[in-house]
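These protein sequences, in sequence, are chains A and B.
The first sequence begins at 1 in our numbering and counts up by one.
The second sequence begins at 1 in our numbering and counts up by one.
It is worth saying that the hints were derived from the structure and are not from the lab.
The structure displayed is predicted, hence computed values, not measured ones.
You can take every hint at face value.
Covered stretches of chain B (in silico footprint by chain A; criterion: 3 or more residues with CB under 8 Å from a CB of chain A, positions within the stretch not fixed):
| no. | region |
| --- | --- |
| 1 | 41 to 47 |
| 2 | 100 to 111 |
So these bits of chain B aren't anywhere near chain A, every CB distance computed over 10 Å:
| no. | residue |
| --- | --- |
| 3 | N18 |
| 4 | T27 |
| 5 | T28 |
| 6 | S51 |
| 7 | K56 |
| 8 | R60 |
| 9 | M62 |
| 10 | D66 |
| 11 | H75 |
| 12 | A78 |
| 13 | V80 |
| 14 | S84 |
Distance windows between CB atoms, simulated:
| no. | chain 1 | residue 1 | chain 2 | residue 2 | range |
| --- | --- | --- | --- | --- | --- |
| 15 | A | Q70 | B | E5 | 33 to 41 Å |
| 16 | B | K41 | A | Q55 | 27 to 35 Å |
| 17 | B | Q14 | A | R42 | 26 to 34 Å |
| 18 | B | V80 | A | S17 | 38 to 46 Å |
Every residue gets a Cβ at the ideal spot worked out from N, C-alpha and C, and that includes glycine.
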Amino acid sequence: SQTIHQWPATLVQPVGSPLSLECTVEGTSNPNLYWYRQAAGRGLQLLFYSVGIGQISSEVPQNLSASRPQDRQFILSSKKLLLSDSGFYLCAWGDRVAQYFGPGTRLTVL
Amino acid sequence: ELKVEQNPLFLSMQEGKNYTIYCNYSTTSDRLYWYRQDPGKSLESLFVLLSNGAVKQEGRLMASLDTKARLSTLHITAAVHDLSATYFCAVDTGYNFNKFYFGSGTKLNVKP
Chain A
1 SQTIHQWPAT LVQPVGSPLS LECTVEGTSN PNLYWYRQAA GRGLQLLFYS
51 VGIGQISSEV PQNLSASRPQ DRQFILSSKK LLLSDSGFYL CAWGDRVAQY
101 FGPGTRLTVL
Chain B
1 ELKVEQNPLF LSMQEGKNYT IYCNYSTTSD RLYWYRQDPG KSLESLFVLL
51 SNGAVKQEGR LMASLDTKAR LSTLHITAAV HDLSATYFCA VDTGYNFNKF
101 YFGSGTKLNV KP
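With the sequences and hints as input, model every part of the structure.
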């Protein structure tokens, strides 16, 4: 069966510091991969999606970037965090039928 | 761009009562999903509806899809406190790499 991992689970970072969040999927090949952000008490905002290694599509222009160095690895990065980057970051993998979410990373930028 | 609207956004109800959450969307699609999110947790898949007239039931929850009306409903029967959570619907047009469009969520509070 498929499993999706995210780490770290929680992160507290100062404004202006870099960021790297990692997502890995097990048990499937060539999945679509997605990064979402959820602000406190809000809905989901799609940030990036990828249909293959090195193929990244950005939905919202901002100071975040994503990379997919391996088939089942998806990384979300920033060179300098802003206060507005705080939120709950969810990685998801998708097949032709549905999307399945990881446990999430809660990021607080102070 | 496809828009997905849920209502109500907040729902407080007594245990034992029935209620329905509505999900309207703005463009043609026959793929709709319902997710549950507990506070501080990730999204859990509840229902996958892939055709007009699809109806799925799990316990006290039943979801249906009317693609002609561009409407899905999530019906709660005899609510219990454990159903308290936020419920999201999402629509997939089947194009654009299965990009999902999410509603704003319905926060359900079932009072014991």
